[in-house]
Amino acid sequence: MNTPPDPTRCSDCGAVKPAAAPCPHCLLQLGLSAAIPERDGTSQPRARPTVPTPDQLTLRFPGLEIQEAIGQGGMGVVYRARHKKLDRLVALKILSPELEHEAAFAERFLREARAMARLDHANIVAVYDFGETEGMCWLLMEHVDGINLRTALQSGAMTPERALAIVPQLCDALQTAHDLGIVHRDIKPENVLLDREGRVKIADFGLAKLSGHESEAHTLTQSDVGMGTLHYSAPEQLRGAHTVDHRADIYSLGVVFYEMLTGQLPIGRFALPSAKMQLDVRLDEVVLRALENEPALRYQQAAEVKTDVQSIRDASPPRAEAAVSALEPQKASTPPAAKADSPAKPSRVRRGSILGGLCIWVAIVNLLLPVVTSWGMVGIVLLVLQGTVWLYLLTRLAPFGPADLPADFRARSRLSRVLRGASFAVCASFGLTGFGAGVESMWEMGTFHYATPTSPERGSVGPWTEEYGDRLMRMLPEYSHEGAEVPELGTPQRERWLRNQLPNPAGTFLIAGIALWLAGICLCWREGRKEWTGIATPLLGTLLFSAYVFALAEMRQSGETATLYGIGGSTIVDGGIADVRATLMERLENSELVVAIGENLVDKRTRSPLARHELIAVRPKQACERWSYAGNGPRRLSPGLVIDLVSGSDAKTAIAWNAGLLHDGDSRGAVWRENIESLFTK
Amino acid sequence: MPQPFLTTRWSIIARAGEWKPGMLSSDVARAALTELIGAYWQPLYAFARRQGRAHSDAEDLVQGFFARAVEKGGLIPTERRARFRAFLLAAFQHFCANEHARATAQKRGGGATTHALADFADLARLEDARCVDAESPERAFERRFAERVLEQSLARLRDEQQRAGKAEHFAKLEPHLTGVEVDQSQAALAAELGTSAGALKVALHRLRRRYGELLREEVAATIEDPREIDTELVALRDALGAR
Numbered sequence: 001m002n003t004p005p006d007p008t009r010c011s012d013c014g015a016v017k018p019a020a021a022p023c024p025h026c027l028l029q030l031g032l033s034a035a036i037p038e039r040d041g042t043s044q045p046r047a048r049p050t051v052p053t054p055d056q057l058t059l060r061f062p063g064l065e066i067q068e069a070i071g072q073g074g075m076g077v078v079y080r081a082r083h084k085k086l087d088r089l090v091a092l093k094i095l096s097p098e099l100e101h102e103a104a105f106a107e108r109f110l111r112e113a114r115a116m117a118r119l120d121h122a123n124i125v126a127v128y129d130f131g132e133t134e135g136m137c138w139l140l141m142e143h144v145d146g147i148n149l150r151t152a153l154q155s156g157a158m159t160p161e162r163a164l165a166i167v168p169q170l171c172d173a174l175q176t177a178h179d180l181g182i183v184h185r186d187i188k189p190e191n192v193l194l195d196r197e198g199r200v201k202i203a204d205f206g207l208a209k210l211s212g213h214e215s216e217a218h219t220l221t222q223s224d225v226g227m228g229t230l231h232y233s234a235p236e237q238l239r240g241a242h243t244v245d246h247r248a249d250i251y252s253l254g255v256v257f258y259e260m261l262t263g264q265l266p267i268g269r270f271a272l273p274s275a276k277m278q279l280d281v282r283l284d285e286v287v288l289r290a291l292e293n294e295p296a297l298r299y300q301q302a303a304e305v306k307t308d309v310q311s312i313r314d315a316s317p318p319r320a321e322a323a324v325s326a327l328e329p330q331k332a333s334t335p336p337a338a339k340a341d342s343p344a345k346p347s348r349v350r351r352g353s354i355l356g357g358l359c360i361w362v363a364i365v366n367l368l369l370p371v372v373t374s375w376g377m378v379g380i381v382l383l384v385l386q387g388t389v390w391l392y393l394l395t396r397l398a399p400f401g402p403a404d405l406p407a408d409f410r411a412r413s414r415l416s417r418v419l420r421g422a423s424f425a426v427c428a429s430f431g432l433t434g435f436g437a438g439v440e441s442m443w444e445m446g447t448f449h450y451a452t453p454t455s456p457e458r459g460s461v462g463p464w465t466e467e468y469g470d471r472l473m474r475m476l477p478e479y480s481h482e483g484a485e486v487p488e489l490g491t492p493q494r495e496r497w498l499r500n501q502l503p504n505p506a507g508t509f510l511i512a513g514i515a516l517w518l519a520g521i522c523l524c525w526r527e528g529r530k531e532w533t534g535i536a537t538p539l540l541g542t543l544l545f546s547a548y549v550f551a552l553a554e555m556r557q558s559g560e561t562a563t564l565y566g567i568g569g570s571t572i573v574d575g576g577i578a579d580v581r582a583t584l585m586e587r588l589e590n591s592e593l594v595v596a597i598g599e600n601l602v603d604k605r606t607r608s609p610l611a612r613h614e615l616i617a618v619r620p621k622q623a624c625e626r627w628s629y630a631g632n633g634p635r636r637l638s639p640g641l642v643i644d645l646v647s648g649s650d651a652k653t654a655i656a657w658n659a660g661l662l663h664d665g666d667s668r669g670a671v672w673r674e675n676i677e678s679l680f681t682k
Numbered sequence: 001m002p003q004p005f006l007t008t009r010w011s012i013i014a015r016a017g018e019w020k021p022g023m024l025s026s027d028v029a030r031a032a033l034t035e036l037i038g039a040y041w042q043p044l045y046a047f048a049r050r051q052g053r054a055h056s057d058a059e060d061l062v063q064g065f066f067a068r069a070v071e072k073g074g075l076i077p078t079e080r081r082a083r084f085r086a087f088l089l090a091a092f093q094h095f096c097a098n099e100h101a102r103a104t105a106q107k108r109g110g111g112a113t114t115h116a117l118a119d120f121a122d123l124a125r126l127e128d129a130r131c132v133d134a135e136s137p138e139r140a141f142e143r144r145f146a147e148r149v150l151e152q153s154l155a156r157l158r159d160e161q162q163r164a165g166k167a168e169h170f171a172k173l174e175p176h177l178t179g180v181e182v183d184q185s186q187a188a189l190a191a192e193l194g195t196s197a198g199a200l201k202v203a204l205h206r207l208r209r210r211y212g213e214l215l216r217e218e219v220a221a222t223i224e225d226p227r228e229i230d231t232e233l234v235a236l237r238d239a240l241g242a243r
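Here the protein sequences come in this chain order: A and B. The numbers in the first sequence follow the numbering used here, run straight up by one, and end at 682. The numbers in the second sequence follow the numbering used here, run straight up by one, and end at 243.
Just chain B, same shape as in the assembly (with noise of 0.2 Å):
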């Protein structure tokens, strides 16, 4: 399974004036297409949502921004040091905009991305119970967008457990990365996965350095410059919004 680095198809395609039809094979294009949903769907969704549209409105738009991108390429020219973030959002609100023109029954992206619909009902509804009251759109997107982040890195380390044949064990101790141990809960903890308490801390520990190291490849690769990493990791974290 080839390791999801999104952003790096996001570039391929968002090199704008330089991308032509045509140049990815159409199963590479639709890979990238899945992938690009699957990670960002949620918080261009929740702008299109906080935006006052309705869902079904929402969700077309989303299904179309990504559509188009992998099918016309480019949308606006990425200026060096932009952050993809910020240039996600710009970029769908572009996109948002000239949607006014068109219907926007004729955008719901190619054959390739009706598959996908049926995941995001359910998130969809998730958004609508998780949505903050008096919270702009950009907010939202934001937000999101950091949730996002952190549960793509949560998903990469799951991987990488599964793969070393861990999945079990992980699956129990990834409600512990975070949070304070009590020592009886950690004793009990360590019984069930048949390890002493001195061994779970110290996976513990690994686990909770590897998410961090995880976590700051992900922002990394959203970023130009890796020393920026922990400054884009505290923007994560305010757009997460108050405790």
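Here chain A stands alone, though its shape is the one from the complex (with noise of 0.2 Å):
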């Protein structure tokens, strides 16, 4: 560039800066730039050394297999690792290095650690080791399987009766730590660890001491120890109090209490716990103690919440349970109040119980869901419906509790919830589609009677009837050749032909169906092994639909009508499908109308002729699966004797007779008068 660039604007975006100094909008970006992390971790000053990688650590941890960072805090990061002698999983805290730029941090440290390593409770983090290595302060500590409170709340599934089921044994935490004479001093719900047996673990004791910082009010520089923590430290604290003694932490957890009662933090002019949620009034008094501005005024004691709490719990329980069901929307077998104190191992119970309601599903569909499928589009439209309806109900569910927690709960976001209930639901819909495909198929080979002379509803059948049978029989492989028999009409033989002559989708179905059900079924079992509930109830409620369904069909079905038309398109019957069946039967039994077979009239499959007898023997829904036609209503102007359907959907068949319309001239009438001569004379 041979001229002088602008200092007025920037080089980059061209925005207007002031001279000599950076551009506002560039800045910015670096802002935005900054979120995301650099591999290189040569390229940070030499100021701030990065985040140890996994593989780093390995390094400076020998006996250690470190697996994955888990975490990140403003004191440091915590990675799952497998300790190799011991074999079991623990978690490797490495302390930040900002926190080391004051002097002596790391006697300090190893100080507060030792007195952390003290702490032998089961509700509290236990550390196991620790340490400094290389510049860095480390601890190694008990591995929690599970998620922190803030989680747990964020999920929507707090409920009271499990906040007075976390609280005694956070009570119990700190009780021990007190009398050791260890403070927390940052309680909150990032520090509450929640593991599948329903045990409470706080973690992070003493830690906040180590950030320093005593001697002025309290300030505080890392990022993400804004406005939101500071919510759960106790007035003294933020006074930067000289005083601050163990009953900071009984605020913290008073705050703590007041959040997973209301879903809100007890600022300002807080509303009573009792006043946003049903709640016992007498918690109000513990969670306003806890929560009182003077330290004199608070429980002195962590136990004395614990009895309090337990108090009321124990006192209570109708009320509880009547709190359950005033909250947001829990499925029917939430877990009675009593489980949470013992919760117990019921996953042979819970198999037992997915089995049994398996086999009742099974058999409960083949009873009553064939009628979905012969609805045709709107049975697929009403199960999608149907497949939201449970979709958007299972991604409400979601089981926590002492006694219930998801078998896995690593990043179980919204989104993998409605995931796997989206599976689920499309899963038992398709499944219940081939179901009942191959249900109906099957009942309708079954029950059908193609005009057998055996069958006395029918009556006798006439003998251009046989013959006409007989010719087309001829036309079949087997039977084509010279002298070859042809099964009687009401033989075993006959039916079967009869009965091949049905294009068999269903079968297709049926198999596709149980594939598709059995796959959502191990899905489910996979994702939530004790999340039967979740699988139970839709399968109820798919129950209760499918039998409305099956309502409504049996209604409509009844009311299903169907046209006759005549020759020349006068309109011989018009009544319910029976009527027009009789009438056909009546009609060719006499002779009165000639059938012949049109283009239309050949089996899909097979390229051969149809048998008259099913042209009788007619559904709506039958009809249009197996015949090629086109267009809507009677044709009455296409040569030859057609037949022709309207489309079931409309309910209404109507059967065109349209003999009278053969013209000589007409070259394909020529062929076809020539047909039915061939077919009917002897």
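Some clues are possibly wrong.
To be verified - Footprint (simulated), chain A over chain B, 3 or more residues, beta carbon under 8 Å:
| # | stretch |
| --- | --- |
| 1 | 138 to 146 |
| 2 | 186 to 192 |
| 3 | 233 to 241 |
Said to hold, decoys possible - Now the in silico label distances, taken between C-beta atoms and shown as ranges:
| # | chain 1 | residue 1 | chain 2 | residue 2 | range |
| --- | --- | --- | --- | --- | --- |
| 4 | A | ARG111 | B | ALA188 | 46 to 54 Å |
| 5 | B | ASP57 | A | ALA275 | 42 to 50 Å |
| 6 | B | ALA199 | A | LYS85 | 44 to 52 Å |
| 7 | A | GLN72 | B | HIS169 | 30 to 38 Å |
In short, the hints are calculated from the structure, not lab data. In this text, a Cβ means the ideal position worked out from N, Cα and C, and glycines have one as well.
Take the two lone chains, each set in its own frame, and fit them into one complex as the hints suggest.
Here it is in structure tokens:
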């Protein structure tokens, strides 16, 4: 460039900027870019070492197999690792190097860590080991397989009874630590972990003290400790008072308790918990007393909080039950409060429940569902609708609680829950279709009588009917050679032949449906072993829905109408399917109507002419499936005698007989007339 | 020198209903006030001016607002997830509305604030020069707020560099934090600083990176949910206005 750049314009984005100063727009962009972590550690300014990668750490910790970083907080990064010798999972916490610019940090850290390691309680995350390696201060802790309370709160499944189950455990932990003179100072939902057994564990005891800054008003330099964390700090902590003691933890406990009960923080003039939710009013007193600004007015011991909470809980179990139903939608099978005390391992029981439910499900499907598929497109639409409803309900299912944590919590976002619910809903819906279609076709094949002479309700069959059938059968390969014996009417072979004429996609549906459905069950099983209720509830609903559909279908079928048109388009009979069928039969027997095989009336699969029996035995949907035809409505003008059908979804079948419109001049007509004559003349 | 994490102090003050007079020592209070004024004077002043007030009135209002915040504590209860930016503006507007009923002369903070006045005369003039026509008071506030956030982050970066003994270096590099580098000028600058062009590139990159992080920290302190940082940054970018 020859011309000097204009200092009042940014050379990158072209925005107006002050001369000799950076461009505000680009500066802001730097902020957005800084969100993406850089891979190459060397490009970081030396003052700020990178977060170590698992590989880098493995070199420094030879006894550990570092797996992955599982959390990052203000204090440092936590990794999941496997202790090779002990062959168990542990958590390795590397403290943030920023904290180490203070003099004698390492010394203080070691002192604090020793104190933390003395804490031995089921509700406190145990510290197994600690040290300082190559400038990094680290802690080896118990690995807790579960989620933190913040995630649980965000999932929206916290209920007062669950809160009442969690708080006593927190109190136990706090009391133990306080007895040893250790104050946590940073109790907040992010530091409370919930594992699969339903146990509560507090993490990071005493670490808050390490960040220093005791001498002045509480200044915090890390970016994630903004206004949010301060809400949990006791007033005396914020003031920077020198007399912060264990009662600050009790204040924080009160904030967490309030948040668990109401979903909100106690800020400003906050509402009483019982005003926001259906709760025992005595809980208000507990929460308020824990939240007293003056430490002297608060609970003086965590154990006192526990005593009060437990006495309230024990005294009013019915109230707690009522509270459950008053809250956000829960499945009907929410575990009762008593279960929270004794988390059982009911996997065997539940597996049995799944299988039992499966059996009942299959049986009922076979009895009730065939009609769903006979609706064609309408049926499918209704199934999709049903699937959507269940999808929605399944996403609301967030089984959570001390006794029934789902099998896999890691990053179970709402999206994955939705996907899981969707996959099950889809499989259930289509499995339904498959079952229905298969069962329907079996039913049809089994119950449909094809005008056999043996069935009394059909009456006798005329001679030319039999003759026509014989001629048709002779067209088949197995009977077309000279001297072959055509099976007689009423014999199983003939029946079999007739049945073979049925195009049968139902078999494919059946197999596909069953496969999909089993896939759905397996998916749910794998995803949430303990979520049998998640499977049973949609099943139940599908059942009820299907029964409803069945009832509807029954009503509709009886109302189906059909019209039989005569020669020249006149209406012969206009009534129900049964009437049309009866009239057709009658006319055929009396030879009043002459039937010919037109172009449309060929079996799609075998390309052979369809037996006249099938023309009689017609139902709307079957007709559409079997014959390919064009257009709607009776075809009056086409040459030849054509059987034409209107789409069954109108629930109207029009059968047009059009013998009178054959023209001699029409070549197609001539051919057909020949065919007719050759078929029916002896 | 303590790291000024302003909003922390602000949240101490603004925990409505809980703060009581005398809760903070007067030293701390004064320090808090000074920091608050230093950081957020400009956006509020811009807002007041754009509302049509004269310089002295606007100045009085802003001073009074901060002084009252420290004195009385708590203006409007903080809602969860409130953004500090919006909260500040709302609080100020609330305060201005109330001020109509009172004589403004009485609200010139305590003695602690007067020492800062002199600095702002210049800034006031700058504000007049920089004010954008046809801009609503709210837009002016937002824009100045965004600029202040950027300036504060830059100031922190400058502090860091100074503590690392690189004050002069940084002074030269600062204008080059943004913008496309031209090889010639880069080579010249590198020579001036006594390093190679390659090392200069790396240094600039690190500074930019660090600036980005500091900016994110600044923004994070004004919002509750760290996941909202990007959203807030984009909002600030919009507030900066058209290029």
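Hint by hint, here is what the structure shows:
With 1 residues having a Cβ less than 8 Å from any Cβ of chain A, the stretch 138 to 146 of chain B misses the three-residue criterion, and the hint is violated. Coverage of the stretch 186 to 192 of chain B by chain A is violated [criterion: at least 3 residues with CB-CB distance below 8 Å; count 0]. Counting residues of the stretch 233 to 241 of chain B whose CB lies closer than 8 Å to any CB of chain A gives 5, which reaches the minimum of 3, so the coverage claim holds. In this structure the supplied range 46 to 54 Å holds for A/ARG111 paired with B/ALA188, their Cβ-Cβ distance being about 53 Å.
Between B/ASP57 and A/ALA275 the beta carbons are some 43 Å apart, a value that agrees with the proposed interval 42 to 50 Å. Taken as a hint, the range 44 to 52 Å holds for the pair B/ALA199 and A/LYS85, whose Cβ atoms sit roughly 46 Å apart. For the pair A/GLN72 and B/HIS169, the beta carbons lie near 31 Å from each other, so the given range of 30 to 38 Å is met.
The structure shown violates the earlier hints numbered 1, 2.
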